[in-house]
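Peer 1: Top line first, the protein sequences correspond to chains V and L.
Mapping the first sequence onto our numbering, position 151 (from 1) lands on 151, and the numbers just tick up by one.
Mapping the second sequence onto our numbering, position 110 (from 1) lands on 110, and the numbers just tick up by one.
I should point out that these hints are in silico values taken from the structure, not numbers from a laboratory.
The beta carbon of each residue, even a glycine, is placed where N, CA and C say it ideally should be.
There could be a bad hint or two in this list.
Said to hold, decoys possible - Coverage of chain L stretches by chain V, computed from C-beta distances (three or more under 8 Å per stretch; other residues unrestricted): (1) 26-37; (2) 346-359; (3) 387-395.
Said to hold, decoys possible - Under the rule of at most 16 Å between Cα atoms (straight-line distance), these lysine to aspartate or glutamate pairs were calculated in the EDC-like manner: (4) L/Lys400 with V/Glu169; (5) V/Lys167 with L/Asp340; (6) V/Lys82 with L/Glu67; (7) V/Lys167 with L/Asp393; (8) V/Lys82 with L/Asp87; (9) V/Lys82 with L/Asp340.
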Amino acid sequence: MGKLEKNKFKRREFIRLAASAVAVGSSVSCGKVVSSWRALTADEADTLASLCDQIIPEDQDPGAVSAGVVNYIDVQLSSRLKRMKKVYRGGLAQFNNLSFERYGKRFANLSDQQQIEFLTAIDGAKTSTDASLHKFFRIVVEHTMQGFYGDPRHGGNRNRASWAMLKLEYPPIRGRFHEDASVTKKSSVS
Amino acid sequence: MAPKKVNAVVIGAGAGGGIVAKELAEAGLAVLLLERGKWNTPFDDLKDDLRNQRVSVLGAPFGPDDERNPRVVVDALGQERIVVPSDGDYNNNAACVGGGTVSYGAMAWRFMEQDFRMRSTYGTVEGSTLDDWPISYQDLEPYYEKAEWEIGVSGDDSNNIFRAPRKRSLPMPPLPPNREYTILKPAAQRLSLHPFDIPMLRNSVPYGGRAPCMRCRWCVGFACEVNAKNGTHNTVIPKALATGNCELKTDCMTKEILTDSTGHVTGVAYFDEHDHLNEQAADIVVVSCGANESARLLLNSKSRLFPNGLGNRYDWVGRNLQGHAYTGAFGLFDFEVYDDVGPGASIAICDFNHGNPGLIGGGLLANEFIRLPIEFVGQHPSAVRGWGREHKDFMRQWFKRSVGVMGPVQEMPVFDARVQLDPVVKDHWGIPVCRFSGGRHTNDIHVAEYLSSKAEEWLREAGAIKSWRNLPGIGLSGGQHQAGTCRMGNDPKTSVVNKICQVHDVDNLFVIDASVHVTNGGFNPVLTIMANAYRASDMLVRNWKGTKFR
Numbered sequence: 001m002g003k004l005e006k007n008k009f010k011r012r013e014f015i016r017l018a019a020s021a022v023a024v025g026s027s028v029s030c031g032k033v034v035s036s037w038r039a040l041t042a043d044e045a046d047t048l049a050s051l052c053d054q055i056i057p058e059d060q061d062p063g064a065v066s067a068g069v070v071n072y073i074d075v076q077l078s079s080r081l082k083r084m085k086k087v088y089r090g091g092l093a094q095f096n097n098l099s100f101e102r103y104g105k106r107f108a109n110l111s112d113q114q115q116i117e118f119l120t121a122i123d124g125a126k127t128s129t130d131a132s133l134h135k136f137f138r139i140v141v142e143h144t145m146q147g148f149y150g151d152p153r154h155g156g157n158r159n160r161a162s163w164a165m166l167k168l169e170y171p172p173i174r175g176r177f178h179e180d181a182s183v184t185k186k187s188s189v190s
Numbered sequence: 001m002a003p004k005k006v007n008a009v010v011i012g013a014g015a016g017g018g019i020v021a022k023e024l025a026e027a028g029l030a031v032l033l034l035e036r037g038k039w040n041t042p043f044d045d046l047k048d049d050l051r052n053q054r055v056s057v058l059g060a061p062f063g064p065d066d067e068r069n070p071r072v073v074v075d076a077l078g079q080e081r082i083v084v085p086s087d088g089d090y091n092n093n094a095a096c097v098g099g100g101t102v103s104y105g106a107m108a109w110r111f112m113e114q115d116f117r118m119r120s121t122y123g124t125v126e127g128s129t130l131d132d133w134p135i136s137y138q139d140l141e142p143y144y145e146k147a148e149w150e151i152g153v154s155g156d157d158s159n160n161i162f163r164a165p166r167k168r169s170l171p172m173p174p175l176p177p178n179r180e181y182t183i184l185k186p187a188a189q190r191l192s193l194h195p196f197d198i199p200m201l202r203n204s205v206p207y208g209g210r211a212p213c214m215r216c217r218w219c220v221g222f223a224c225e226v227n228a229k230n231g232t233h234n235t236v237i238p239k240a241l242a243t244g245n246c247e248l249k250t251d252c253m254t255k256e257i258l259t260d261s262t263g264h265v266t267g268v269a270y271f272d273e274h275d276h277l278n279e280q281a282a283d284i285v286v287v288s289c290g291a292n293e294s295a296r297l298l299l300n301s302k303s304r305l306f307p308n309g310l311g312n313r314y315d316w317v318g319r320n321l322q323g324h325a326y327t328g329a330f331g332l333f334d335f336e337v338y339d340d341v342g343p344g345a346s347i348a349i350c351d352f353n354h355g356n357p358g359l360i361g362g363g364l365l366a367n368e369f370i371r372l373p374i375e376f377v378g379q380h381p382s383a384v385r386g387w388g389r390e391h392k393d394f395m396r397q398w399f400k401r402s403v404g405v406m407g408p409v410q411e412m413p414v415f416d417a418r419v420q421l422d423p424v425v426k427d428h429w430g431i432p433v434c435r436f437s438g439g440r441h442t443n444d445i446h447v448a449e450y451l452s453s454k455a456e457e458w459l460r461e462a463g464a465i466k467s468w469r470n471l472p473g474i475g476l477s478g479g480q481h482q483a484g485t486c487r488m489g490n491d492p493k494t495s496v497v498n499k500i501c502q503v504h505d506v507d508n509l510f511v512i513d514a515s516v517h518v519t520n521g522g523f524n525p526v527l528t529i530m531a532n533a534y535r536a537s538d539m540l541v542r543n544w545k546g547t548k549f550r
């Protein structure tokens, strides 16, 4: 638990710093925190980060956030998946609304256990309020998997974290067996 | 300046069209080969986990592009929605020179004798237009051989006692076995099954002037980096061009087939890469766009004599769309079975293609192609949660200890599983797009249940400590194995083309691709598409020399 809390802190600290770095560098006229993200606001990124880190939590291997999944989703929402931007905007707001209703806190501020409990309810939901969130949650799960296991060139899977976790060599060894006479059909299988 | 008349326009440079272009060009006909996509080279291949023919969430790199090529899908509840090529239910095959053969897994199956006589074998089936082909396996046999040797197939099916007779063995030996092969083979033998090396359109030794497979991880869904995967793009199409009789034009979208007042085809109208509309006069036109787009093109070619499109006098164009319901099982082992050696798929059985108790048809079973992590994410027993700690533990524990055995169920053709023209939605060029509706026959699901249970037994015998079955849904399957929409038959009232693939009421118009398949076998269909393209081209050239179709 201690490690998880620490990571959570690190992540939020990272987001806060990232946001303020931009704020310092630009002229902030309306007093709002300017987002350092492409498609997401700082608040949205914060909620999304908590969500992603429950989908693939940090343990002995990197979790979704430290592997850059929020960055992946942000990149895609500002390019390839632009049409999903509204879905995310609405979905993340709804997540926080329901979280407030049930726990009096934003999703990101819930305890680890509360977050899991909350997501488990949504994941199993078939009816009522939770049902529309269920659909959104499935989308986030799908995108989180893409960001975590997909090619790093798209902004996620930082340092090929997931491939290292699965002990999948990169770059792969190519050309083995290719002309290796010792490995033939006859010798290895009767 | 009006372009000069050619003898033949072939539309679509995929598995069928590539072969037709080469055969006609070698016979001395002046051929124009039109392809709506591009000519990719192995050097364009980016080995992108999220952007390939299997996982296209960030785009379909082998075409067509999302921006210009919408389609409409009507679901079981009658809800319709617009889809783009990177969407799962677009029913996409590639749009590029080589078509699906650039990125396919390259299994090279001959259909079995019964696959051409499904109605004679099983009788009529309620809710299905199941029928025999007007040709037999024996008619295709010499052309199967030609495809195996000209395009290049490796493998060894001599242990497959169910296969139809072949005159000549395959030109290349199988690749050395991977670890899954060494586990699955003895298990199949213990179950008294008949395992053998999958025939593949892939070089296991240098062949056709190209290198053998280097066994990499990026196989099915990707273009081959060392050009060891054999498709029409690296075999027959270069040969067609080398004759000097064939011109290939890429980025050309065919709008319609043109006819004169006597009902004779005079040529085609197509948009070139600059979106200029061109007319090309031709003696004959060959449609090889794949089952979805071939039907669409015929339906879009309307005139006074053909108010419902060409070949569509009896409303059969676009119907009987079929692909394959994929089914099988996954097993988890208490030791590592992943060896990082492509193509992965290596061993198959045909014990359950026919003769299954109380069932119509069946399908082959084979181990799956090598999996990238993103492709394993959805593979878990339903009791395992697909997110959270449970998911992560599952991936870590089982990614390298899992084996999948899957197979294509021979689908029962359904009259209402179809491609139509959408009345509203048009593509970038203003051409009405494909509109899909209908679904699978219930028999497909029964066969899938049986086949998946056999897959599971095989995995358990091989030592799987946990296993689960994968069953298909009832939705339409017109993706990579799309077939059936321009049925071949002797009766013009219940088919679109005759047995030489000539449209019944238009002498100089041909459809040569999987559209003409009456049934699609319990096999990946590409070698049958190729064999039939060689056969139909042979007939076409013979007729050309006699009549010139005038």
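Peer 1: Would you mind marking each hint as holding or not holding in the structure?
Peer 2: Hint check results:
no., hint, result
1, 26-37, "violated (count 0)"
2, 346-359, "violated (count 0)"
3, 387-395, "holds (count 6)"
4, L/Lys400 with V/Glu169, "holds (12 Å)"
5, V/Lys167 with L/Asp340, "holds (11 Å)"
6, V/Lys82 with L/Glu67, "holds (13 Å)"
7, V/Lys167 with L/Asp393, "holds (14 Å)"
8, V/Lys82 with L/Asp87, "holds (15 Å)"
9, V/Lys82 with L/Asp340, "violated (35 Å)"
Violated hints, in rising order: 1, 2 and 9; the structure is consistent with all others.
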